[in-house]
Structure formats: structure tokens, C-alpha cells
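Trainee: Chain by chain, the residues run as shown.
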Amino acid sequence: MGSTRKAFLTAAGIAATTTVAKAETIAKADPAPSPAAIEFANRMRRFDPSLTPQQLHDIAKSNDDTWKVGPKVHKGLENGDPMSPAFEIGE
Amino acid sequence: MTHEDLAFSDATTLGKLIAAKKISSLELTNIYLDRLERYGAKFGAVVTILHDRARAEAQAADQAVAHGNRSSALHGVPYGVKDLLAAIGGPTTWGAAPYRNQIFDYDSTVVARLRAAGAVLLAKLSMVELAGGFGYDQADASLTGPGRTPWNRAYWSGGSSSGPGAAVAAGLVGFAIGSETNGSIMNPSNNCGVSGLRPTFGRVSRYGAMALMWTSDKLGPMARSARDTGLILRTIAGADPHDASAKSAPFRTASARPRIGIIAKSMDKAQPSVVANFKRSLDILRDFADITEDVPHPEFPYGEVFGTLLSGECASAFRDLIDSGRSKMLHSPDDKIGGHEQYATLAVDFVDSMRQRAKIDKAIRRMIAPFDALVHPTQPTVAYPVGPRFSKTYTQWPGAVDPVTSANLAGIPAMSVPNGFAEHGLPTGLGIIANAWREPQLVAIGSAYQSRTSFHTRRPTLQQ
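Protein sequences, first through last, are from chains A and B. Heads up, the first sequence is in the numbering used here, so the first residue is 1 and it goes up one at a time. Heads up, the second sequence is in the numbering used here, so the first residue is 92 and it goes up one at a time.
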């Protein structure tokens, strides 16, 4: 959500201004996309050859932020922890 | 009653007036159709007005009343739906240019159930394009332009159920159906000063609704009173052979004197006016509930978990749109590339997020277990202004906790009821969360609160 919002922080509706603030912090900390992120962004031209250099730059920055999420979503997980199965809501 | 009084009555009252033959469904429908024509575009609230269908359903409802065949308490009451629900009679645009001419030849289950209950479908209401799945950052991210709150047109009606919020607040419909994946009922209910109920995941069938995130999409009522939301929910709830996630779960009786916990830090980093209104709400809640302060909100990477799951599911749901390059037809600059950004989501992060979600689910239920409900300010600020990027607005008030996201990850229900007014004449909301399948408790608390306050009965000046 935002010019600096990253895919991993997006949310339908207005998830929270807190997530936007986090995205701002992340973006300011590392403004330059990595070569891998740029390469992956360029692959998106396969779907839309009209993507502009600025759009590709923005996608690349988002890719880097997306790939930083791993340690946070993995933290605290143990080998026995299951996935939410079919996401049935119990009583 | 004047036409204005009728337009701003709640659905429960309208149903009684129709039953008592004090007004016909057709008369009421014509009043709302006129108001939709006059004010719908002004607040960016409407995509399509269904004149023919509405009048035909209203006439059928009146004939049934004449023969003593009233179908339900909502019989003859006109309503609108967010334009992500399929309905015969007009396009279903999902709020997005690539789907501008999309037509379905069937009614979604929610619309079909309301039709069976005798309610009258007036209009398809506006929404953020694709319900915000691609990461918009401005109020104009919609096929129909920015949604504007009827309390002050310079400010956003909220998203992604923008039209349902504005149309209910402006008295353009008797009630509305919105949807929420993460905040899309709660936020516009807050911004428009209406009563919104996000049901438990699985309470309401999504058949015929746009899919954004299968494991979090919910449909729910937005109305002018908490009691309305309970009535509407019971009409649309239940198992559906077309949606395996939908269940016929019981509606449990609400506690007479509820135990309510205040989520710790929910007033931190919130706009002072929002905090002041919330504190006044707590004083009213103490009148009929036992209050416990500082209930800890467990710490998890909610934003990252939700965002990762949304990215994976949303990109899958809209894969055809992204792969065809047609996502560039979306309005918001962020949405034009959002799908391409979501393709970078790693499978391992998606799986880890699902595993975190299982832990979050347990932790949130443990947090709520000693209580009948938890409360928090619905949003840390009043509505965003139309124009500037959200990420550049109210940056000093980001909120310290995010109970909207945590509760959505756990699939549990919530309600927002208006609890006052603040900067620029904008409304604020009281957020209430209950454990799974306990919507009656939310309705009871919201109704008890509204029996002691009048915020939900106030009317915006539409001539601004």
C-alpha cells in the first residue's frame, strides 16, 4: 500500500497505517535494488512489454523487500508446527 | 415521516413500516432510487443503479404483503451490494477497468438469499479496484473515482467497501453488503460512521463473490444500526453447496452482562481525538459490562504474515489478469505493477506464513477466551484526505497494535459502531472483536452501546 509499499505488506482494505510505516522504514534503509531483484523485475516484461524503467525499478525494490520477509515469518517456528490446514474455524 | 426520515431509518424500522403498510416497498424503492441518482456520484458511491430489477422486486414484495405473505423482517427493504457480488441485471465490475463489462447471469448466494427474504436490490456500489489486492495507496484507486465520506467530501469513505459505507451513511440504501479480507468493512464503517459487522470466516457463502484471498474473504452487512447487522447476517448466513467453506454454525446467545477487555496499547500512537472518543465509549460500556484494562495483544509479524499470504493468493486469483498484461489497465499506479510485485513471493515464505498463522490463531483465541469481547479504536485516525498518498498522511499516528489484521488472520468476527466525531467533522469508530461464531455478542454489545448514544442516528449534510 503505497509508493513505498511492498507486496509482502499489502493488504486488502486498509490493513493498517502501521504496515505502511514499516514499509517506509524498510525502503529508506535500502533504496537501491539488488541485481537479482532487477533481473527478476525485468522478467515481468514477458507479461507486459510496456513496463517502463521506473515501473521496473519500483518492482525491483519491492522484490528486495519481499525477499527480506523470510526471517520474520520463520522466526519461532519449530519442526512440528503445522500449516493451517483447510483453514476451518473451530468453536 | 418525511422522505428524509425514511431514507435514514434503519432496516429494522423500514421492515416494520412495510409490514404495517405505512409505506409500500415501491414507494421506498423510488425514494432511494431518486437519492442514488442525486447523491451517488457525489460521494463516488455507485457503479450501477438497477432501476428495472429494483422496481420489479419491490412490486413483487408489495404483492406478497397484500396477500399476507411476508418473507422476513427485511421483506421489501431496499439495499445495495458492493460491486464484487454477481447479480442479474447489470455488470459486475469488481471496481476495476479490466472488468468494466463483466456480466454474470446468476445471483451470488448472498443476493439470492436476500431476494428470497423479500429484500429489494437497488444498486451495485463502488469499491476499491480488485478490493485493494494489488496495494493501492490513494483514494482514487477505483473505476468510479475516489469514494468520499458523506461527512466531508474532501475525505475518503474508506476501503475497500467504499460505496456500501458512503451509501448507508448518506441514506441512499436501506442497508448494504460489503466484504472484508483485512479491514474492508471495518475501515469504511469507521470513516462513514456506520455500523459494520465482519462475520466469522465461513459464516457467509462467498459464491458469486470476487475471490481475492480465499482464506480470508468474508461478506458482511453495513447498516445504520447494530441491530440491523444482526438481522441481515442471519438472513445471509449458512451452508451453501457452492462454497465448501460456508457452514451453518449456531448463533450463540449473548451474555447479559458481558466481560469486555480493552486491548493493551490500542490507544497508543493514535490521534488524540480518536483516543478521547474511545475513552468516552469505555465509560458507556462500563454501564452494562465488566471491563478489564490492558489485555496484552500477542506479538507476531502480523503485517508480514498477512501480506505474504495475500500476495500468494491474490496473484493466483488474478493470474490471468497479470499474465495478460491487462493489469496496466488498473487506475492506481501502484495497482498497475502490484501483481508483478506479488510474483516475487517465495513459496517457502508462504508456507512459513501459513504455519505462523496457525500459531496466531491459537494466540488470538487465547487472548479472547476469558472475555466475551475485546475493544479498540477501529482505526487510529479519522479518514484520510482524498488526494495525498495514504503513506504520507497521519504518519505520526500509525497505531501501536493492529487488532484488525490479527483478528482477520484468526478468522474471528468484529464490529465497528460510530462512537463520536473528530477533526473536520469526521466520525470515529469503536471496534469490537469476539471469538469465532459469536456475532450475537457483537450485536448485543453494539446495540446496548447504541441504546445509550445517538452517534448512529446523526445525519450528514449532503448539500456540501
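It is worth saying that the hints were derived from the structure and are not from the lab. Being a predicted model, the structure only gives us computed values, none of them experimental. Note that beta-carbon positions come from the ideal geometry of N, C-alpha and C, so glycine has one too. Treat the hints with care, as some may be off.
With a straight-line Cα cutoff of 27 Å, these simulated DSS-like cross-link-like pairs (lysine-lysine) come out [as the list claims (entries may be wrong)]:
| id | chain 1 | residue 1 | chain 2 | residue 2 |
| --- | --- | --- | --- | --- |
| 1 | B | Lys360 | B | Lys419 |
| 2 | B | Lys356 | A | Lys75 |
| 3 | B | Lys450 | A | Lys68 |
| 4 | A | Lys75 | B | Lys338 |
| 5 | B | Lys419 | A | Lys72 |
| 6 | B | Lys338 | A | Lys72 |
| 7 | B | Lys419 | A | Lys75 |
| 8 | B | Lys338 | B | Lys453 |
| 9 | A | Lys72 | B | Lys112 |
| 10 | B | Lys338 | A | Lys68 |
Computed from the model, here is a short list of chain A residues facing chain B with C-beta under 7 Å [said to hold, decoys possible]:
| id | residue |
| --- | --- |
| 11 | Ile38 |
| 12 | Asn42 |
| 13 | Met44 |
| 14 | Arg45 |
| 15 | Phe47 |
| 16 | Thr52 |
| 17 | Gln54 |
| 18 | His57 |
| 19 | Ile59 |
| 20 | Val73 |
| 21 | Pro82 |
| 22 | Met83 |
| 23 | Ser84 |
Trainee: The structure should be examined with respect to each hint, and the outcome stated for every one.
Mentor: Okay, the hints, checked on the actual structure:
Between the alpha carbons of B:Lys360 and B:Lys419 the distance comes to roughly 36 Å, so the proposed pair goes past 27 Å and is violated. A distance of roughly 23 Å separates the Cα atoms of B:Lys356 and A:Lys75; the hinted pair therefore holds under the 27 Å criterion. Using a Cα cut-off of 27 Å, the hinted pair B:Lys450 and A:Lys68 holds, with the two alpha carbons roughly 21 Å apart. For the proposed pair A:Lys75 and B:Lys338, the alpha carbon gap of about 33 Å is over 27 Å, so the pair is violated.
A hinted pair counts as satisfied when its Cα atoms are at most 27 Å apart, and B:Lys419 with A:Lys72 does not qualify at roughly 31 Å. With a C-alpha separation of about 34 Å, the suggested pair B:Lys338 and A:Lys72 falls outside the 27 Å cut-off, and the hint is violated. For the suggested pair B:Lys419 and A:Lys75, the alpha carbons sit about 36 Å apart, so the restraint of at most 27 Å is broken. For a cut-off of 27 Å, the pair hint linking B:Lys338 to B:Lys453 stands: about 21 Å separates their Cα positions.
Using a Cα cut-off of 27 Å, the hinted pair A:Lys72 and B:Lys112 is violated, with the two alpha carbons roughly 60 Å apart. Taken as a hint, the B:Lys338 and A:Lys68 pair is broken in the structure, with Cα atoms around 38 Å apart against an allowance of 27 Å. Of the supplied interface hints, the one on A:Ile38 is violated, with its beta-carbon coming no nearer than about 12 Å to a beta-carbon of chain B, more than 7 Å. The criterion of a C-beta within 7 Å of any C-beta in chain B is not met by A:Asn42, whose closest approach is roughly 11 Å, and the hint is violated.
Given hint, A:Met44 at the interface with chain B, holds; its Cβ is 4 Å from that chain's nearest Cβ, closer than 7 Å. Annotation: A:Arg45 was flagged as interfacial toward chain B, and the flag is violated, the nearest CB pair being 9 Å apart, outside 7 Å. Annotation: A:Phe47 was flagged as interfacial toward chain B, and the flag holds, the nearest CB pair being 5 Å apart, inside 7 Å. A cut of 7 Å between beta carbons decides the hint on A:Thr52: the least distance to chain B is about 10 Å, and the hint is violated.
Hint status for A:Gln54 relative to chain B: violated, with the closest Cβ pair at about 9 Å, above 7 Å. Given the 7 Å rule on beta carbons, the hint for A:His57 is violated: about 10 Å separates it from the nearest Cβ of chain B. Residue-level restraint check for A:Ile59 holds (minimum Cβ-Cβ distance to chain B is 5 Å; threshold 7 Å). Hint status for A:Val73 relative to chain B: holds, with the closest Cβ pair at about 4 Å, below 7 Å.
A cut of 7 Å between beta carbons decides the hint on A:Pro82: the least distance to chain B is about 6 Å, and the hint holds. Interface hint at A:Met83: satisfied, since its Cβ lies 4 Å from the closest Cβ of chain B, which is below the 7 Å cut-off. Restraint check, A:Ser84 versus chain B: the minimum CB separation of about 5 Å is within 7 Å; hint holds.
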